[in-house]
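J.: Residue-level listing of the chains:
Protein chains: 2
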Amino acid sequence: MPTQPDDDMTSHEGPAHVLGMIPAASANRLGIYLRELERLERTEISTVNSRQLSENLGWSDAQIRRDLAVFGLFGRRGVGYTVKELAASIRQILGINRNWDVILIGVGNLGRALAGYRGFASNGYRLVAAFDNNPALIGTKIANAPIYSVERLEELVPTLQAQLAILAVPVDHAPPLAQRLSQCGIQGILNFAPVILKPVQTDITCVDVDLALELQRLVFAVVSRDRSRRDLESTPEDAT
Amino acid sequence: MPTQPDDDMTSHEGPAHVLGMIPAASANRLGIYLRELERLERTEISTVNSRQLSENLGWSDAQIRRDLAVFGLFGRRGVGYTVKELAASIRQILGINRNWDVILIGVGNLGRALAGYRGFASNGYRLVAAFDNNPALIGTKIANAPIYSVERLEELVPTLQAQLAILAVPVDHAPPLAQRLSQCGIQGILNFAPVILKPVQTDITCVDVDLALELQRLVFAVVSRDRSRRDLESTPEDAT
DNA sequence: TGTTGTGAAAGTGTTCACAGCC
DNA sequence: GGCTGTGAACACTTTCACAACA
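Residue numbers (the numbering used here), protein chains in the order written: chain A, 26 to 265; chain B, 26 to 265.
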C-alpha cells in the first residue's frame with residue numbers, strides 16, 4: 026500500500042470537468058443533488074454532510090463524495106458541504122445559472138401540460154413561442170407565448186434566438202422536425218415522441234423521454250419482484 | 026485461450042432471468058427493442074438482424090445480441106431474429122402481455138395529459154379511476170374514468186383492484202400519498218413529483234420521472250458540447 | 001472528535017473477435 | 001457466404017477503507 030504523498034506529478038490533474046472527462050453517471054445525478062439542496066435551502070439548513078444526503082437520496086455516502094469531488098466541489102473535512110455554495114456551483118456546472126429560451130413544437134395535450142409545467146417555468150426557462158399545424162390554434166397563445174404555424178419555423182426561429190426546443194408531436198413528425206430544428210440553429214431538443222432522435226445530426230443534442238417506456242419499466246419492476254418472490258418460496262433462505 | 030468445448034458443467038446455467046440475475050442495463054433497453062420491433066411489424070418486415078437494429082437504435086450490434094441472449098431470446102445464425110416472435114417474447118418478459126388497471130392521482134395539467142396519452146391507452150393499460158382534492162373536479166370524468174376525492178382512496182382502491190398508480194401531484198403531497206397507496210394494495214407507482222420515492226415501503230415499486238430534470242440534462246449536454254468544442258480550439262486535432 | 005477526498009478493490013456493463021451453426 | 005452467441009478483454013462505476021485535515 027503506497028502511502029507516499031506524491032511520486033508523480035501527472036496524477037495531479039484537478040477536477041475532471043476541466044479536462045472534459047466527466048463520468049456520465051455522475052453527471053446524470055447532478056440535477057438530483059441540486060433538487061435536494063434546493064429543498065434544504067428552503068428548510069434553512071445551511072450545512073449538510075454526505076451521510077445526510079445519502080439517506081435522503083438513497084445512495085451511498087461514498088458515491089456522493091466521489092460525485093462531488095469529480096466536479097471539484099469541495100466540502101470541509103469534519104464539517105460537510107455548505108448548502109448554498111454547493112447549490113450555486115452545481116447550477117453553474119449544469120449551465121442553468123442563466124436563462125434559456127425555449128420553443129414548443131406541438132400544442133396537444135402533452136405540449137399544453139409541459140408549457141404550464143412549474144418545474145420548467147421556475148428555473149430560468151422562458152417559453153418564447155409555440156408551433157403547431159392545427160389552424161384552430163394558430164394565432165392563439167399558450168402560457169403567454171404566441172402559437173405559430175410550423176411552416177414558419179425556418180422564418181421565425183432564427184430571429185427568436187431560442188436555443189432549446191421541446192418536441193411533443195406524433196412520432197412520424199418528430200424526425201423531420203428534429204432535422205429542421207437543427208438547421209434553424211436550435212442546439213438541444215427535449216423529445217417526447219417515442220423514437221430515438223440521436224442519429225439526426227451531429228451538431229445538436231437530444232434527450233428522449235418516452236412516458237410509455239417509463240410505465241413499461243414500472244410494470245417490469247413489479248413483475249420481476251413477483252417472480253423473484255415466487256422463486257424464494259422454492260429456495261427459502263434467511264438473510265443474516 | 027481455452028477452446029475446450031466444456032470443462033465445467035456449472036457454467037451452463039441458461040438464461041439469466043430464470044435465475045433472477047438480469048442486468049439492469051439490459052432490462053432498461055428491452056422496452057426500446059419492443060418499440061422498434063413494433064415499428065418493423067407495421068412495415069411488414071418479418072426478419073431483422075442485430076446490425077439493422079443497431080443502426081436504428083444507435084447502439085453496437087454486439088450489445089443487442091448480448092441483451093437478447095441474456096433473456097434467452099435466440100435468433101437464428103445466418104438469418105437474424107423473427108420480428109413477430111421476438112416482439113411477443115419481449116412483451117411476455119416485460120409483463121405487458123396482459124392488462125393492467127391504473128389509477129391516476131392528481132388531475133392537473135399533467136395528469137390530464139397523461140390520462141389522454143395514446144402510449145398509455147394503446148398498450149393494455151386501463152385507467153379505472155382518478156383522484157383529486159379539487160371539489161370542482163370530483164364527480165366529473167376524465168378519459169372515461171370517474172374522478173373521486175382523494176379522501177376515498179382507502180375505501181375505493183381495494184375494490185377497484187388496480188395494480189398501478191400514476192402520481193401527478195405537487196411534491197409535498199407525493200410521499201404521504203405513496204405511503205397510502207402502498208397500504209391500499211397498489212404494487213407500483215409512476216411518480217411525476219420531483220422527489221425520489223424509493224425509501225417509502227419495501228413492498229412497492231416506484232419509478233420516478235422528473236421532467237425538469239430531463240430538461241436540465243439537456244442543458245448540461247448542450248453546454249458540455251460547447252465547452253469541449255472551445256477546448257478543442259486550443260488543441261486542434263484532425264479526426265482521421 | 002467528525003467528515004472529506006481518494007487510492008485500490010470489487011462489481012457491473014460494453015466491446016472485441018471468433019467459434020459455431022444456418 | 002451470413003449472422004448469432006459468447007469467452008475474454010476492456011471500460012466504466014461503485015464501494016471499501018483509511019489518510020488527511022478541520
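Be aware that one or more of the hints could be misleading.
[What the hints assert, rightly or not] Pairs of lysine to any residue residues, derived as SDA-like cross-links and limited to a Cα-Cα distance of at most 25 angstroms, are as follows:
id : chain 1 : residue 1 : chain 2 : residue 2
1  : A       : LYS223    : A       : ARG252
2  : B       : LYS223    : A       : LEU181
3  : A       : LYS109    : A       : GLY133
4  : B       : LYS166    : A       : VAL73
5  : A       : LYS109    : B       : LYS166
6  : A       : LYS109    : B       : ARG205
7  : A       : LYS223    : A       : VAL175
8  : B       : LYS223    : A       : PRO201
9  : B       : LYS166    : B       : ARG205
10 : B       : LYS223    : A       : LYS223
Honestly, the hints are just simulated from the structure, not real lab data.
J.: Does each hint hold? Answer for all of them.
T.: Hints and how they fare:
About 34 angstroms separates the Cα atoms of LYS223 (chain A) and ARG252 (chain A), which puts this hinted pair outside 25 angstroms; it is violated. Distance hint between LYS223 (chain B) and LEU181 (chain A) is unfulfilled; the C-alpha atoms sit about 44 angstroms from each other, more than 25 angstroms. A hinted pair counts as satisfied when its Cα atoms are at most 25 angstroms apart, and LYS109 (chain A) with GLY133 (chain A) does not qualify at roughly 38 angstroms. With a CA separation close to 45 angstroms, the supplied pair LYS166 (chain B) and VAL73 (chain A) exceeds the 25 angstroms bound.
Taking the CA atoms of LYS109 (chain A) and LYS166 (chain B), the gap is about 44 angstroms. The hint is violated against a cut of 25 angstroms. Proximity of LYS109 (chain A) to ARG205 (chain B) is assessed by CA-CA distance (about 34 angstroms); at most 25 angstroms being required, the pair is judged violated. With a C-alpha separation of about 22 angstroms, the suggested pair LYS223 (chain A) and VAL175 (chain A) falls inside the 25 angstroms cut-off, and the hint holds. A hinted pair counts as satisfied when its Cα atoms are at most 25 angstroms apart, and LYS223 (chain B) with PRO201 (chain A) does not qualify at roughly 38 angstroms.
With a CA separation close to 23 angstroms, the supplied pair LYS166 (chain B) and ARG205 (chain B) stays within the 25 angstroms bound. The hinted pair formed by LYS223 (chain B) and LYS223 (chain A) fails the criterion: a straight-line CA distance of about 30 angstroms is larger than 25 angstroms.
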